[in-house]
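J.: Listed below, chain by chain, are the residues.
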Amino acid sequence: MPQLRRKIDEAIVYIDTDSAPRIIPYGEDFWLEDLPVGTRVIYPKPPIQGLPNREAAIRYALNHPHDCDPLYAQLRPGMKITVALDDISLPLPPMKTPDVRQTILEILLEMFEANGIDDVHLIIANSLHRKMTPDEMKRMVGPKIFKEFYPDRYYNHDAEWPEGMVYIGTTEHGEVLNINRRAAESDLLIYVNINLVPMDGGHKSVAVGLCDYESLRAHHEPQTILDSHSYMDPAASALNTKCVRLGRLVDKHMNVFHIETALNNRMYDGPMSFMAKKEDDFTATDRAKFEAMRFALKNLPWAARRKIFHSVPAAYELIACHAGKTEPTHDRILAKCFEQYAIPVKGQADIMICGIPHISPYNVNSILNPLLVQVMGLGYFFNMFRYKPILKKGGVLILCHPCYDEFDHEHHPSYIEFFHRLLPETRDAFRLRHKYEREFASNPSYIQMYRRGNAYHGAHPFFMWYWGENGRAHVGKVIVAGAENAHVPQILGWERADNLQEAIAMAKGYVGRSAEITMLHQPSIIIADVE
Amino acid sequence: MVAAAFYDLEGTLVSTNLVHALYFYSKNQQGLWQSAVKTVSTVASIPLFWATDLYSRKVFNDLFFKRYAGESEDRLKFLSKELFEKVLRPNVFPGAKELISKSRSLGLRQVVVTGAIDLMIKDLMEYLEVDDFVANRLEFVNGRATGRLLPPVMASATKAMWIRQYAEREGINLNDSYAYTDSMSDLPMLSVVGHPAVVNPDVRLRATAVHHDWPILDLR
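From first to last, the protein sequence lines are chains G and H. Here the first sequence is numbered in the numbering used here, starting from 1 and rising by one per residue. Here the second sequence is numbered in the numbering used here, starting from 1 and rising by one per residue.
Because the hints were derived from the structure by calculation, they are not lab data. For every residue, glycine included, the Cβ atom is placed at its ideal position computed from N, Cα and C. Some hints here could point you the wrong way.
[Said to hold, decoys possible] Residues from chain G that keep clear of chain H, each with C-beta distances beyond 10 Å, as calculated: (1) Lys277; (2) Gly394; (3) His434.
[Claimed, not checked] To give an idea of the chain H side of the interface with chain G (calculated C-beta under 10 Å), a few residues: (4) Tyr178; (5) Pro196; (6) Ala197.
The following block holds chain H by itself, in its conformation from the complex:
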């Protein structure tokens, strides 16, 4: 039976987060005025995003992805290449590719499980040479984002549930599998594999890792 390595993405393999991508799209609106308004609005919302993320990832998602309401799917896709080149690739942690490569050399399937938007990270997934990835999907109506996510929304326990289902479907042995994350909200994901590890953790996650004797990696 094969095993896999499951990675969270933002903060784990790259130093950027959802806000960086939103900021990039805000800056690249069709008109100068729109870009300025949207950029200022995004920056002003950062404390709110931070507070809601601390409170609940679900509340954060509901609030955060509303910012994409009205964006055209074509434009988001078109700009994703530039997002990759200018924002994501330069922020891949120095040790990320090496971790994936070592992991692959053991015959482990490389899978990214992330709360980022799928169409924004496709190039990054190719660059990191992962075998599979699952990400959040924006809902589009008539080619325009509604500001809502299509279920299942990848966060916290949903990630763990998806991993379980994926393992069942693909014949993956979770006991021999690895999981890497930087976020306390991904504890369920760490709990379903035999080899959990935390990456670049904050104080809370570090304390949890120490308590459970999990390896603590620094890929920066």
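Same shape as in the complex, but just chain G:
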């Protein structure tokens, strides 16, 4: 038996002749597929039990911070405080209310009031992401805080408002950093974070979440991504190294108090909880529920399915909260995240199968357009490893998605031009950056849509393309199974197959008949510690 087939963790299942078929997300639908015997399926770990009293855990963290005075000791009457919050890209899908950010804010605001502080602004650290809508903002902090602070003192960061930005400094490597003026000029900046993947949080929160396009260019570029062995492994990520440098610059000039949280991976509960089980453990009721769900979905158009999926919140629970200086706080939260997500995996695969679900950090309440399918496959899922990639160099990545040619005109206007005008000309990330990135970033229409509407910044599709750069450099071939058209895979530089079986056959034709196959069981977050 090959080395690969030694089971070393409960989260890993090998497909046998009598194994149940596996559920694979396929956009706003699911496939039920029999996988070849010997296929290794990596499941997420069971959810770590949530903290029984999250208010108490948060208060404890605020009173016992790392490497600084407790928050109450830093507060004095009349001071100017800004609280920055992670945007709607975290967590995914949005969690059931009350959102953990609401709970933290309620505690913070109570402390501010008790200490005679009323100059408080709440800023969503959306960087170049789209601005959140008032309804989304209300959901995140609850109606009471929303009513009190919106819109004058609770708003989205605006990276294109020159008067609203201030130059902080330049790192020894020449990286310029401009930060939100209100945050920079506050006596205290409190950052409220949610850590879902190891790329989140830490110095990235302030240095990226509250910066502008010029500052972001230093690290959101293809060479940094190529130099990042895995950007889900901070120790091996050039992206993280640059963010740390910028974050230390922030710490030199600003008083930052970081509050970080880790959530478990309880994505489903109630009637959907069967989705978190291994298929071999399904009861007859689970199977019936799944078939009923598929039957209902089958008769709905994509847009209706999308609406349904986006309206189902996740049942995440808080499993850790730490506060204090950025680095020690983040280190502890990262350790907890890895405790939830890391799975020991022995040996790399020749073929990796990933179902692409309906959601990514960049399309909450919107469409997973082709560029985002790319970022999910070659960016996120490819990078879900530490030490070694799950896929061997030159291996085949199989993605399951319809690859419909659909874009959200309100959220992703510049993506459309990027995909249909630029990618047919070149897929070379360096050429795209050199020739077109600044043109898109300074396009007045895109700037207005970012500032006054809910559009991602004009430069954002470039970052999404760069995000897939180390995946593109590593894989030998990408095959998209179930693509409903030929031109989207072609523009992305991929091959298409009608179904998974055909895709596997094509992949075996490329890497050999004895190929080792691994499937990441989605939707979930897994970090494979590959030996």
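Starting from the known structure of chain G, arrange chain H on it as the hints suggest.
T.: Chain H in isolation, oriented as in the chain G frame:
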């Protein structure tokens, strides 16, 4: 080769339209009785203006500008300052100046192409800091408006034709140029530039923009 940004004016950069200006002039006739009659007549004609504009911009223009017949050029000019202060400036969309300013920072020439009357918008053009503008011109005989427009009448395809000629004369690269409008009748204007965008569109124009993958801006 330089490029430009071409803007429609009414509904795109300001929320007012031709009827607001006519209403203002109607209210400010020389006598109270004349003002009352003209104001009532203007208000009563609004449904007709709306219907003809839906049918054809040319028919609308023929009908609409007749309302200015008999107005003295001096008076129209004299009142234009007040029109700007009281009607136009307060109705400039919040994002309009910012769009123009961002656009100018790219080195684009700022040009307004509008069906409004030239002498009524001069102050507004200065306020918006545009480099050039073209607008409709009333015909005057012995200092009095005849109710007709001097050709070329700026509407629909004429705007596009004017942009082409302007680009040729000024050495403007239309492929790198931008155009912004709120009106379905300005589709030809959007079609001649490389970067068309719609602003505050109605349902029909929004659908067209979605179909062509054009950016949809809201400057309100």
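J.: Evaluate each hint against the coordinates.
T.: Results of checking the hints against the structure:
1. Lys277: Check passes; 41 Å lies beyond 10 Å.
2. Gly394: holds, 36 Å
3. His434: holds, 18 Å
4. Tyr178: holds, 7 Å
5. Pro196: It holds, given that the least Cβ distance between Pro196/H and chain G is near 9 Å, below 10 Å.
6. Ala197: holds, 4 Å
Going down the numbered hints, you'll see the structure goes against none, and every one checks out.
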